[in-house]
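K.L.:
Here the structure of chain A is known, so what remains is to put chains B and C in place on it, guided by the hints.
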Amino acid sequence: MQEEVQKQAFGSRAVKAPRITQGGLLLGIGLAMLAAMLIVTIFAPFIAPFDPSATSPDSLAGASARHWLGTDSIGRDVLSRLIVGGRTTLLITITAVLIALVGGLVLGLLSGYLGGLVDDVIMRVLDVVFAFPVLLLAIAVVAALGPTVPNLILTIAIVYTPAMARVVRAPVLSVKQWDHVEAARSIGMSEFRLVLHHILPLVVSPILVATSLTLSQTIFTVTALSFLGLGPPPPDPNWGGMLSEARQFMELAPLTVIGPAAAIVFATLTFIVLANGLRDVLDVGSV
Amino acid sequence: MTRFVLGRLAWMLAILLAVSFIAFAMMRALPGDFAIAAAGSQSVAPEVLAAIRQDLGLDRPLLAQYWGWLGHALLGDLGTSFVTRQPVRAELFDRLAVTFQLTLLAAIISMVMGVATGLAAARMRGAIDWIVRLYNGVMLAVPNYVVATLIVLLFGLYFPQISIFGYTPFLEDPLANIGSLLLPALALALAVSVTISENTRAAVLEVANQDFVMVARAKGLPPGRILRDYLVRNALTPVITATGLKIAALLGGSILVETIFAIPGMGQYLFDSINSRDYPVIQAIVLTAAAIVVVVNTMIDIAYARVDARVQL
Amino acid sequence: MIGTGPLLSVRSLTASVTTRREVIQAVRGISFDIGVDEAVGFVGESGCGKSVTAKALMRLTPEGTSVVLGGEVNFMGQDILAKSEIEMRALRGRRIAMVFQDPMTSLNPVLSIAAQMTDMLRHHTGLSGKAARERCIDLLAQVGIPDAARRLDDYPHQFSGGMRQRVMIAMAISCEPDLLIADEPTTALDVTVQAQILRLLLRLKEERGMALMLITHDFGVVAGMVDRVNVMYRGEIVEAGTIESVFASPQHAYTRALLDAVPRLQSAGQVR
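Keeping their order, the protein sequence lines are chains A, B and C.
The first sequence begins at 241 in the numbering used here and counts up one residue at a time.
The second sequence begins at 5 in the numbering used here and counts up one residue at a time.
The third sequence begins at 437 in the numbering used here and counts up one residue at a time.
Calculated from the structure, these hints are not laboratory results.
Take these hints with a grain of salt, some might be off.
[As the list claims (entries may be wrong)] Residues from chain B that keep clear of chain A, each with C-beta distances beyond 10 Å, as calculated:
1. H76
2. T84
3. L108
4. Q165
[Claimed, not checked] Quick list of simulated restraints, FRET-style, between CB atoms:
5. B:V299 <-> C:E643: 52 to 60 Å
6. B:G11 <-> C:P582: 31 to 39 Å
7. C:V472 <-> B:R229: 28 to 36 Å
8. B:S280 <-> A:L354: 28 to 36 Å
9. B:E210 <-> A:L354: 29 to 37 Å
10. B:V9 <-> C:E570: 37 to 45 Å
[Unchecked claim] To be clear about the criterion: a stretch of chain B counts as covered by chain C if any three or more of its residues have a C-beta under 8 Å from a C-beta of chain C, and this derived list gives those stretches:
11. 211-225
12. 233-240
Note that CB positions come from ideal geometry on N, CA and C, so glycine has one too.
With the rest of the complex left out, here is chain A (with noise of 0.2 Å):
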């Protein structure tokens, strides 16, 4: 307060170098991971040394200059199956997450844009879903529907778009009272075109900063099912599921087992610093 008043009462005098801020390096840091990422996992059957089910007598083998992070209890190349799970697991957590933002747009526009009844029978039928622990509602969930790829993207979507609701909601509710709103339906705009040039650009920011952490939570969920062993069926190798199989032999090979935990933990950081690194630098507040 007291040095904002004094700011201005002096003028800024002090020279601003061009410089790298904090937030801009944890996006760069963050888009970087992301991409290193999405290109092996995109490229994966090209990059992936051995075909990810081609089993081998050489079981159980440690770091060779042929298998870089050994093979597992059946002889199947542990970096292979990595690379190629990584598609799974993505590809889940990110459709998920991609229906959970627009079913939260559609809904936290509704619902914070035209208030009254709607909002709140909107707001009360997720606050209903959010009384679950997420886990657990997706354990239920998939339990009852059956582990298949699209049953987990569904029931992800489901879980997750309460919270991208409420995140859209928020911003919704405060900007619609600010004064261009006001001005540009006194000229007559009509209340789509209101909310598609007026309202949601300037809560573009928070959902950015909420999808990516919500990614980060996701790949949590995602390779939790799969760990429980309810992920998508075999063959199909994913993160989840081979570090669950991989405890049995784990102090025979340990790398089945930290190749696999440090996937899902170098995927779900990627997701937080991107999402801190937007948050700086789109200048949201916390969400």
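P.N.:
What follows is chains B and C alone, placed relative to chain A:
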């Protein structure tokens, strides 16, 4: 205040009702015939299936089934396991006691670790702050089941003589009981302690900027007293609330951690019943866990409102 | 150990404030004196450096954000800027006390008034808990809080803004300081309450024979309150003198502008 409490309680009941309906409907939405699942085999005589249908009330309208089921649940009858053919309640309560112990221990560990590191980071700044924040940032990305697996790996590789699996009941040997829960609780606590640490740090930094802290300094009070009476007491209220809200995360996490450490709690029960498709058990666990979370959240809301009335500036 | 000369003597005090992007010279070599039991006003717009000056006198500048760069501060014959933090602690509240601008945020919301008053009193005077409580009731009555004995155990949120400022004043005078710094003590209050608080401050100053440093942006506040006034602008004292002379013939254009901002009726009464 009374109005607020009554309102929250009414809302809690409404949510519980909705939660119970979801738990009920979920199992009726199962693909395939519920009676076949209940019989545990595809090749059952039609008469037997009919008998099961009648027994479970599957021939009645859905809403009537729900009311019947809810009535039983309220009286403590949570159904019969497909696998053991025993009432779910007795086993669930035993398991719940174990999970409660584990969660409580984890909550204490995470609280102590989180508040200590958060406070240190906020007060000392500099290198300590940097290290705590880096640790928090990285640990936030390590899921609790990965921590648990790595702990198991570490002990398997370097201390194979120490048995880290299994569970000793409290009444049998209190010390061994705590010992058997220590590592699982630690695995569960680490992720939560990171959040508490970040919350504590932010809260202390925010309170440190408040006028009354400057006033306390102007009064000539020693730093230790300012820290205790002015900073921590004000910063901890929101931190404790946030920790209470983490109870859902702890419950969710216990599913995985119990499975890894072979702790016979509710999480492992759920895991086992998922694998054996024991739907009444899954249903009972989902209902119980969601009910616990709803009730705990409501209590925190009310407790916080009471504190807030005093704190309200 | 009162030295000869004025109670407080400040020479070429310079202080800076660091914001996120830059360092600002908030106080640029100001000099002034405050005599024993004298009331001195500091008037200027927000950001002119008057609050930074007050905090610098108590060495309350938060680490890293504002720094005293140089000059001399002599209080009762002691060099304030040379003191250690521990020595300063013995001085703060005991010899120099301060009343802050916003009574709504100056009290700790989770401690009772009794706890907040006695912690300071007992720390400085070593009074027993019971004696300290008695003293607090007495002080609260002196600053005009009705039913003081019963209100002592109340929490800040149970008091109005004006009452809270009275509590702050009671707290500030509890250890019988030699200098009371009041930093915009009435700015956050209703107009009717402002006058009451100012009268209270003046009365306490007269009764106790302490010096008063009254900081404000409003010439209307210092009129009738202080003996001398310093007008601050952009970190410097641009005009100093007795209240009468400054009101009668302001030398600096900025002072004239400030005086013009005071409602006519009030200043007309002062300007002869």
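K.L.:
Each hint should be assessed against the structure and marked as holding or not.
P.N.:
A quick look at each hint next to the structure:
No beta-carbon of chain A is positioned within 10 Å of the beta-carbon of H76 (chain B); the least distance is around 19 Å. The Cβ of T84 (chain B) sits about 18 Å from the closest Cβ of chain A, beyond the 10 Å cut-off, so the non-interface label holds. Non-interface call for L108 (chain B) relative to chain A: holds, since the shortest CB-CB distance, roughly 17 Å, exceeds 10 Å. With a cut of 10 Å on Cβ distances, Q165 (chain B) stays outside the contact zone with chain A, its closest approach being about 13 Å.
About 58 Å separates the C-beta atoms of V299 (chain B) and E643 (chain C), a value consistent with the hinted range of 52 to 60 Å. For the pair G11 (chain B) and P582 (chain C), the supplied restraint of 31 to 39 Å holds, since their beta-carbon distance comes to about 36 Å. Distance hint check for V472 (chain C) and R229 (chain B): the Cβ-Cβ separation is about 31 Å, which falls inside the suggested range of 28 to 36 Å. Against the hinted window of 28 to 36 Å, the Cβ-Cβ separation of S280 (chain B) and L354 (chain A) comes to about 47 Å, which falls outside the hint.
At about 34 Å, the CB distance of E210 (chain B) to L354 (chain A) agrees with the hint of 29 to 37 Å. The hint said 37 to 45 Å for the Cβ distance between V9 (chain B) and E570 (chain C), and at roughly 39 Å that hint holds. Chain C is given as covering the segment 211-225 of chain B, and this holds because 11 residues of the stretch bring a CB closer than 8 Å to a CB of that chain, at least three being needed. Coverage of a stretch by a chain is defined here by at least three residues with a beta carbon nearer than 8 Å to that chain's beta carbons; for the segment 233-240 of chain B and chain C the count is 4, and the condition holds.
In summary, the structure is inconsistent with hint 8 from the numbered list given earlier, while agreeing with all the others.
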